[in-house]
Amino acid sequence: MSVVNKVRINARTITDKEFFYGHKACAGCGGSLAVRHILKVLGERTFTVLPAGCMSAVGFNFPQLCFDSNAIISTFAGTASMMSGIAAGARALGLKDYHVVGIAGDGGTADIGLQALSGAIDRREKVIYICYDNEAYMNTGIQKSGLTPFGARTTTTPAGENIKGTVTTKKNMFEIVAAHGIDYAATASVGYIQDFINKIQKASEVDGTSYIHVYAPCPTGWGTETDVTIDLAKEVVDTGLWVLAEYEQGEFRLNRNPKSFAPVENYVRRQGRFKHLEDEDIAAIVHARDAKWEQIRNSWKLK
Amino acid sequence: MGQRAFLCGNEAVAEGVRLSAPHVIAAYPITPQTVVVERLAEMVEDGSVKAEFMHVESEHSALSASMGASAVGARTFSSTSSQGLVYMAECLHYASGGRFPIVMMNANRSLALPWSIYGDHRDSMSLLDCGWIQVYTEDAQESLDMVLQAYAIAEHPEVLTPVMINLDGFVLTHTYELVDIPDWEQAREFLPPYETVNKLDFDAPKNMAFSSNPGNNLEFKLRQHRGMLRAKELIAETDGRFQSIFGRSYGGLTEAYRCDDAELIVVSVGSVTGTCRTVADELRNEGWKVGVLKIRFMRPFPEEEIIAALRNVKAVAVLDKDISFGYEGTVFTNVNSALSKAGAEILKLNFIGGLGGRDISKDHIREMYRRLQDGLDGIAQENVQYLGLGVAIDERG
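Going down the list, the sequences are from chains W and E.
For the first sequence, my numbering gives the first residue as 1, with consecutive numbering after it.
For the second sequence, my numbering gives the first residue as 1, with consecutive numbering after it.
No wet-lab data here; the hints were simulated from the structure.
What you are looking at is a predicted structure, and each value in this text was computed from that prediction instead of being measured.
Glycine included, every Cβ here is placed at the ideal spot set by N, Cα and C.
There may be inaccurate statements among the hints.
[To be verified] Which bits of chain W does chain E cover? Going by a derived footprint, with three or more residues having C-beta under 8 Å, they are:
| # | segment |
| --- | --- |
| 1 | 6-18 |
| 2 | 76-84 |
[As the list claims (entries may be wrong)] Partial chain W-side listing against chain E, Cβ under 8 Å, derived:
| # | residue |
| --- | --- |
| 3 | ARG45 |
| 4 | PHE67 |
| 5 | LEU114 |
| 6 | GLN115 |
| 7 | ASN139 |
| 8 | THR140 |
| 9 | ALA262 |
| 10 | PRO263 |
| 11 | VAL286 |
[To be verified] Restraint-style ranges between C-beta atoms, simulated for each label pair:
| # | chain 1 | residue 1 | chain 2 | residue 2 | range |
| --- | --- | --- | --- | --- | --- |
| 12 | E | GLU45 | W | HIS180 | 20 to 28 Å |
| 13 | E | LYS221 | W | ALA27 | 28 to 36 Å |
| 14 | E | THR175 | W | GLY141 | 51 to 59 Å |
| 15 | W | GLY141 | E | HIS93 | 48 to 56 Å |
Could you build all of it, start to finish, from the sequences and the hints given here?
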């Protein structure tokens with residue numbers, strides 16, 4: 001059972017109450033911003049599951065526990081399965097009007113947690129799974145994940161004479177999840193917070209499983225200033241490197257379809273993790289972006 | 001009054017689960033455990049079990065989901081075996097540390113490599129330290145009854161520790177016997193609904209499964225340890241309460257057979273105990289003073305019971321269906337530790353057998369008693385010997 005919010009949530013109507021505070025996240029952390037907004041939108045009758053990762057590491061250190069509503073850490077691989085168990089248990093016990101949300105990072109979602117996520121979607125659990133994507137294993141010290149982009153330097157993909165950082169591209173989690181026939185999926189960015197809030201609220205009203213993939217910059221891992229998190233999170237969308245879209249009832253829908261893109265070079269050159277890239281590498285990133293957009297414009301419903 | 005039915009071990013466990021009225025069942029299929037989940041799925045389908053049946057995609061998720069359900073206060077059941085048990089190893093530690101009173105059946109089966117679907121105790125014995133209460137049942141009736149008893153023990157507020165009920169793969173999971181199925185109302189009288197404060201609660205929100213620091217970790221682990229030690233007292237108490245309602249009893253952490261005046265004792269775990277008793281009877285008829293001590297619970301470990309039963313005998317053989325590579329059988333290590341602490345200067349031999357489902361015959365058990373007597377008679381004995389390999393055939397010729 002879900003709480004149907006009659007009032008659309010925006011900057012004026014969002015609750016003043018905070019559910020995630022006193023934590024030890026780094027300055028400029030995009031992930032903690034995502035968590036804060038997710039919990040404000042979903043409200044106090046929410047069960048939150050977080051796996052081992054940045055958000056549990058910064059907010060769950062006894063006796064300094066930073067969640068004002070019910071929250072639990074799962075095993076790294078077990079976010080979606082623990083959410084499923086909570087949903088099943090709550091259903092069996094006859095609880096009413098609540099949300100079950102899981103908030104996991106990119107590694108916890110696209111790598112170690114993918115199997116459990118697939119199982120939860122398959123069972124059509126009434127849960128909301130949110131991946132905050134900071135594009136590497138940041139909690140353990142910036143190692144490459146399945147969502148680290150091409151070219152990025154991490155501590156396990158060092159940029160040197162022979163290899164220029166990450167040589168693979170991001171797994172496409174949004175389409176992987178959509179391929180399950182999930183009830184609702186969306187991408188978002190902390191740089192476009194109203195769009196993200198709208199999608200959380202929509203997910204909370206879906207009778208089935210929903211998945212939101214939110215782009216969340218990490219100054220510590222990306223080698224960026226702590227006051228440019230929002231700028232970067234906007235720019236990644238404006239450059240077309242991150243797509244804001246939704247999937248429901250078997251169809252993809254693009255939320256933003258810019259006529260022209262902001263220059264990729266500006267976005268890339270501001271980040272330490274891409275510092276070693278040469279013009280030809282940036283050209284390769286632009287080429288991959290254009291190919292993706294061509295595919296999207298040819299096959300997705302455009303808003 | 002309940003009814004009688006011809007059930008295999010797996011089906012008996014399923015009946016025990018039905019009578020325990022769980023809220024959530026989450027399990028992944030693996031031979032030889034599958035029948036228990038199949039029966040439970042049928043019971044959910046026909047409405048005799050009012051539980052959420054979760055089709056999880058792995059054993060890791062089975063236990064992870066069980067923890068989620070338990071974390072909102074739901075009574076939860078899972079079952080697994082062998083590779084599945086070790087695949088969920090991370091979650092086993094997590095569940096005991098989180099004090100989630102989950103009950104899970106494990107069909108004891110060998111571990112790969114080499115692959116074997118047949119029974120031995122290496123799966124559960126290798127996870128003796130994961131913080132779960134471990135009980136080993138001997139027949140289908142005990143398996144059914146122990147599901148009810150397991151919830152009563154696990155959910156006790158001073159215990160809050162998960163219970164693993166171990167059934168020997170095939171030998172017990174797949175053999176049929178006449179079983180008394182308790183009455184639903186009597187089961188309710190024995191096992192009230194699960195009530196706990198250790199849950200996510202909208203009236204009293206909590207942050208659960210958090211991180212500790214070096215300054216408080218030991219205190220958490222000590223509380224967990226004390227919960228398990230409290231179970232030691234509650235096991236016999238729970239069995240007594242069970243007897244008063246159902247008329248059946250299994251004693252406590254161990255069960256002694258003809259041990260009172262025995263000089264030579266075989267210590268066994270699980271279904272092989274029946275064969276041990278038969279041999280003990282035969283040897284008694286031949287004038288030997290022999291007995292059998294069955295260990296029912298490996299954790300909490302029945303140190304006091306073992307010392308009391310064995311300290312004054314002449315020799316003890318510990319039968320292990322497992323091997324801790326590079327040392328000896330795990331049951332032997334535990335029994336030997338208890339006896340050594342008590343200063344029992346007696347002959348103690350370890351016999352390892354039944355690995356990968358190899359039969360342990362009456363001859364093998366007879367040979368164990370004979371080896372004990374040989375040792376007492378001054379014939380040198382290896383501390384660790386292997387049943388069916390060198391004991392009965394090769395060495396003695």
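Outcome of the hint check:
With 0 residues having a beta carbon nearer than 8 Å to a beta carbon of chain E, the segment 6-18 of chain W misses the requirement of three or more and the stated coverage is violated. Chain E is given as covering the segment 76-84 of chain W, and this holds because 7 residues of the stretch bring a CB closer than 8 Å to a CB of that chain, at least three being needed. Evaluation of the ARG45/W hint against chain E yields a held restraint, the C-beta minimum of about 6 Å falling below 8 Å. At its closest, the beta carbon of PHE67/W sits 5 Å from a beta carbon of chain E; the interface hint therefore holds under the 8 Å criterion.
Among the interface hints, the one on LEU114/W is violated; its C-beta lies about 11 Å from the nearest C-beta in chain E, farther than the 8 Å criterion. The interface hint given for GLN115/W is met, as the beta carbon of that residue sits about 6 Å from the closest beta carbon of chain E, less than 8 Å. At a threshold of 8 Å, the smallest CB-CB gap from ASN139/W to chain E is about 12 Å, leaving the interface hint violated. The beta carbon of THR140/W comes no nearer than 14 Å to any beta carbon in chain E, farther than 8 Å, and the hint placing it at the interface is violated.
The beta carbon of ALA262/W comes no nearer than 40 Å to any beta carbon in chain E, farther than 8 Å, and the hint placing it at the interface is violated. The beta carbon of PRO263/W is not positioned within 8 Å of any beta carbon in chain E (closest approach about 42 Å), and the interface hint is therefore violated. Checking VAL286/W against chain E by beta carbon gives a least distance of about 38 Å; that is not within 8 Å, so the hint is violated. A C-beta distance of roughly 25 Å is found between GLU45/E and HIS180/W, which places it inside the suggested range of 20 to 28 Å.
Against the hinted window of 28 to 36 Å, the Cβ-Cβ separation of LYS221/E and ALA27/W comes to about 35 Å, which satisfies the hint. The hinted range of 51 to 59 Å is satisfied by THR175/E and GLY141/W, whose Cβ atoms lie roughly 53 Å apart. In this structure, GLY141/W and HIS93/E break the distance hint of 48 to 56 Å, their C-beta atoms being roughly 24 Å apart.
Hints 1, 5, 7, 8, 9, 10, 11 and 15 from the list above are not met by this structure, while the remaining hints are.
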